[in-house]
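Asker: If you want the building blocks of each chain, they are given just below.
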Amino acid sequence: MIRIYPREEYCIGCRLCEIHCIAQHSSSKDLIKAFKKERRPSKRVEVEEAGHVSFALQCRHCEEAPCVSACISGAMSKDEKTGVVTNDPQRCIGCWTCILVCPFGAVRRSAVEHKVVAKCDFCPDLEIPACVANCPNEALIMEEI
Amino acid sequence: MPRLDGKYDYIVVGNSAAGVNAAEALRSFDRNGSLAIFGEEDLPVYSRPMISNLVAGEADLQKMRYRKKNFYNVNKIDFFRGVRITKLNAKSRAVVTAEGQSYAWRKLLLATGSLPFRPPIAGLEEVPYHTFVNYQDAQRLIKATKAPGTRALIIGAGLIGVKAAEALYARGAKVTIVEMMERMLPAALDEEASRMVQAICENKGLHVITGECVEQVISDDGGKNTRGGTARLRNGEEIGFDLLVVAVGVVPRMELAQQAGLAINRGVLVDQYLRTSQEDIYAAGDVAEAFDLVWGEPRVNALWPNATLQGRYAGWNMAGGKRKYPGSQSMNSVEFFGLPVLSAGIVNPPDDSYEVLTSRMAGGGYRKVVLRDDVLVGMLVAGEVEKAGILTSLIQEKAKVRRFKQSLLTDSFGHIYLPKAVRQARVQEGQAGILSLVEK
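Taken in order, these protein sequences are the chains called A and B.
First residue of the first sequence: 1, per this note's numbering; consecutive thereafter.
First residue of the second sequence: 1, per this note's numbering; consecutive thereafter.
Be careful, since some hints might not be right.
Listed below are the simulated BS3-like cross-link pairs for lysine-lysine, each with C-alpha atoms no more than 27 Å apart in a straight line [stated by the list, open to error]:
no.: 1; chain 1: B; residue 1: K68; chain 2: A; residue 2: K78
no.: 2; chain 1: A; residue 1: K115; chain 2: B; residue 2: K68
no.: 3; chain 1: A; residue 1: K81; chain 2: B; residue 2: K322
no.: 4; chain 1: B; residue 1: K204; chain 2: A; residue 2: K78
no.: 5; chain 1: B; residue 1: K322; chain 2: A; residue 2: K78
no.: 6; chain 1: B; residue 1: K69; chain 2: A; residue 2: K115
no.: 7; chain 1: B; residue 1: K204; chain 2: A; residue 2: K115
no.: 8; chain 1: B; residue 1: K204; chain 2: A; residue 2: K81
What the simulated footprint calls covered on chain A by chain B, stretch by stretch (three residues with Cβ under 8 Å from a Cβ of chain B suffice, anywhere in the stretch; the number is not a length) [claimed, not checked]:
no.: 9; segment: 47-58
no.: 10; segment: 72-86
no.: 11; segment: 93-102
Estimated spans, in silico, between C-beta atoms of each pair [stated by the list, open to error]:
no.: 12; chain 1: A; residue 1: E127; chain 2: B; residue 2: K87; range: 35 to 41 Å
no.: 13; chain 1: A; residue 1: K29; chain 2: B; residue 2: R3; range: 50 to 56 Å
no.: 14; chain 1: A; residue 1: K29; chain 2: B; residue 2: K68; range: 25 to 31 Å
no.: 15; chain 1: B; residue 1: D352; chain 2: A; residue 2: M1; range: 44 to 50 Å
no.: 16; chain 1: B; residue 1: G363; chain 2: A; residue 2: K29; range: 26 to 32 Å
Because the hints were derived from the structure by calculation, they are not lab data.
As the structure is a computational prediction, the values presented were derived from the model and not from experiment.
Don't be surprised by glycine CBs; every beta carbon is placed ideally from N, CA and C.
Isolated chain B (complex conformation) (with noise of 0.2 Å):
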């Protein structure tokens, strides 16, 4: 039951990732203050990186539940259930929703997320064009793809891109897709490991064109946005499709805090508390630019572990914690038709000051590491990724590695390899990768 008086202690605008995780943190340091959560799906929350499984067929909502049932009133929180928030006031501390109704707020995080990219394609707007972000838009695509050999062309071959292409293929679409960079997955995977990629799926009967875009879309029913239609790339080649899908990356959802007058950049910009420039005003997940740490510096990282983070610490301080967010980075858990490709980090080094080593194992697998001055900030492994999690820690801790740093590419890595005393503190203490950044 929303409270009478409108008035909250907490709110949190956004029901996902970030949102759930700083609820459930500032609950672990107050148990008590009103809280109050807006989500503007008609749904408790759910993995949306599951979306993918749920074409597939490999999941349903009950399956995608990231929470227990009981998970807002165990935690005592006001879900606004289908209600968005339009206008945000920092000076008279008040949300207000779509329907007019206003909340006022002692502390308020915006976890707003991010949307779709829309890329100026002539005659978009003309196809009833698929995106693949949410609960929705999987809904649509298993209805689009009823009938067997549906053709489908996705433009993107990022995550969002390659996980949609197999979830369509799983649902038996003829699969085509098509990346501007030069090979997919560009900024996830380096060279080799987007080159085995494009092997598997090709392998799998996908066509998959690189170093491409589509220029234009041409629609089958002269606009009437019924149907597919053709889309003409730029070498002039012409593919027809039954759906389109389009997956070109996302932007932060940065509404109410432009309308707040919060500092933005490419995200609305937080401190290492994740405190926004307005105070009692927190950002947290795809919406936010918090500091990155492999980086040095703040980046976006629309990515689901950094966001859960991210409401983690957003969370804890809101409630009067302070502790201070370790940092982002980039990192992607990704399998495509059963080969798992693991990264983190700097995987495509900007300029030659930095070192790369590469090994190719005797399974198949490929791994690679990439240093700056002796320190990890980069990895990547594929087809054999046990362990992988303890190079992604020591770039966290930014280890220097020079004398154990040819053991890094063996399949036999681990802690045995790493000076007696780090070991014995990270064993032991349990002081290891993000952990061992955390402030007490």
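Here chain A stands alone, though its shape is the one from the complex (with noise of 0.2 Å):
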């Protein structure tokens, strides 16, 4: 199983990982269009930031994951094989329990589809996902646990 790790001494608060992580869950999955064209939806990571320090933070993925055992729909599963957390949309009635019980915050109210938990997929469609490709700075990393 991986899981992404935030450096925070090498986080520079820039934020390109939200930007690249709201692009590839866009319909168009461009940048540009995802800005300015189309309702853009949410990020599911994101950078905390106080004085000097930042760091991006993304679902955990947890192994006793608290938000699929209290999934009330049982939209939001845990895959046995690659351990990846996921919501299904289709399954979803925007109860937020998940958002109640998420240790790290993780899971946020969907900006697009109306009564729906949005939250990082790992990005199936990509080798790397978008916010570790995109750090200039090595500041996100994926390391298998």
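Dock chain to chain to rebuild the complex, using the hints, since each chain is given by itself in its own frame.
Answerer: The structure is reproduced here in structure tokens:
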């Protein structure tokens, strides 16, 4: 199983991870179109910043994921093989129980879909998730755990 | 196919949140032990909380399915669908169905849930009143609201009552809701959040009466139980209704536990491994009185996320894993007419030994944290709810928050405000909240 780790000593708070995450989860997957022409999807990685410290955080894809066990509809599930925790928007009803129980604050209400949550899905179409691939400073690294 | 000898390694009584999660967890330890689930409803497992979405027309039974169609097959479960267990004998290690069939178990889980409490209101049995906890209840309500403008009266503005109100409103009913306490959702919310919910309900045209109770129900058809009636309140006011919903709470279903002589209090008492007082009998979910990590003592927390977690731990322990249940807590996530409200732990402190901090956000949101000796014990967020789970996790960790407590109220609150060592442990090691309490 892989996990993305932030390295706060290298993060400069440029938020390119957020921007590329948004683009990757847009319908065109194009940076310019996603920001200028489409309804902008939610970011699934967030840069936290205070003073000189910043780092980017997304879903930890927990082993014993609280969001999966708390989900009331069965929309949230953990893939047994890959370990990736994903939300099925067709089954999600926007009860926000996952937001209530995620210790990392990594699940948010979707900006484009009605009563559905958005979270990191490890960019299934990419070899390396967009946030990691586009970090100019290697402040996000992917590691096997 | 049920086993011919009627003997199972594991029997789970109850086919909802606790039972199904127990079966799943059990299978992660024991792939081959024989396993049966008994469910008295003639349905595969579905999401009970979603009955409000069903009534509102936002979901159908297909969408309400809590697990995939092949769930029972994949997990090698003999699913006794629509079969009710009426007897439990702890000594002979057997359960008996309503039809008189006996099944033996090596380990048993009681996940029998709870039933709506029936308040002692005069004349109640003379009208066809409704409850709002299962699929059948939802189907009855859908039928009863076919005509637009149906006058619906709901007794109780707790979680179930308010979700029923929202669903019936979506069905075009004219809704009145009567709550005995001074405000809506008195247990889940604080005064300010209750006021926000009430304002939004009244804005939609719902009639909300608080601090009042229904003393008597007078049937329109002389008690033939076919039509509505009139409810008389304590203050003498009379409210006519076509449809009456009783939603004043639930009580654990302990008949089987009582038969078997298990130790009970408000629920079936369980230890930190979800074991009842009787060897090899476990209990989980609404029926169980399990350790509450905020209060530090056993409590009945009849809520879906607690039921699933208790089920998982019960399942692991039944299958021979030894995992200590980290504990339940009161927690609620609800959205009424577009206003999301999340709360966890103690939101209404019982005395003034607690410190309460609140803030109003620029966008109209509301945030509250409750502390005791600088330890976070409760939180409530309304309107802007993102990252509220971090607060829930700090409650679970019994985190000392003195150094950053003001930041808890800001909408930018996140791991950045935590001391570096704490932040690193959480973010890098994934040791946060309930995850940090799990003993490996």
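Asker: For every hint, state whether the structure bears it out.
Answerer: Results for each hint:
Taken as a hint, the B:K68 and A:K78 pair is honoured in the structure, with Cα atoms around 14 Å apart against an allowance of 27 Å. For the given pair, A:K115 sits about 22 Å from B:K68 by alpha-carbon distance, which is consistent with the 27 Å threshold. Between A:K81 and B:K322 the CA atoms are separated by roughly 24 Å; this keeps the pair inside 27 Å, and the hint holds. Our distance criterion of 27 Å between C-alpha atoms is broken by B:K204 and A:K78, whose separation comes to about 39 Å.
Straight-line distance between C-alpha atoms of B:K322 and A:K78 comes to about 23 Å, which keeps the hinted pair within the 27 Å bound. Our distance criterion of 27 Å between C-alpha atoms is met by B:K69 and A:K115, whose separation comes to about 24 Å. Under the criterion of a C-alpha separation no larger than 27 Å, the hint pairing B:K204 with A:K115 is consistent with the structure, at around 19 Å. Distance check on the hinted pair: B:K204 and A:K81 sit about 47 Å apart at the alpha-carbon level, beyond 27 Å; violated.
Here the segment 47-58 of chain A counts 7 residues with a CB under 8 Å from a CB of chain B, which clears the bar of 3, and the coverage holds. Counting residues of the segment 72-86 of chain A whose CB falls under 8 Å from any CB of chain B gives 3; the rule of at least 3 is met. Given a C-beta distance limit of less than 8 Å, the hint that chain B covers the segment 93-102 of chain A holds, as 10 residues qualify and 3 suffice. The hint said 35 to 41 Å for the Cβ distance between A:E127 and B:K87, and at roughly 58 Å that hint is violated.
Between A:K29 and B:R3 the Cβ separation comes to about 52 Å, which falls inside the hinted range of 50 to 56 Å. One distance hint, 25 to 31 Å for the beta-carbon pair A:K29 and B:K68, holds here, with the actual separation near 29 Å. Judged by the Cβ atoms, the range 44 to 50 Å given for B:D352 and A:M1 holds: they are separated by roughly 48 Å. Restraint check, B:G363 to A:K29: a C-beta distance of roughly 30 Å satisfies the suggested window 26 to 32 Å.
In the structure shown, a violation is registered for the earlier hints numbered 4, 8 and 12, in ascending order.
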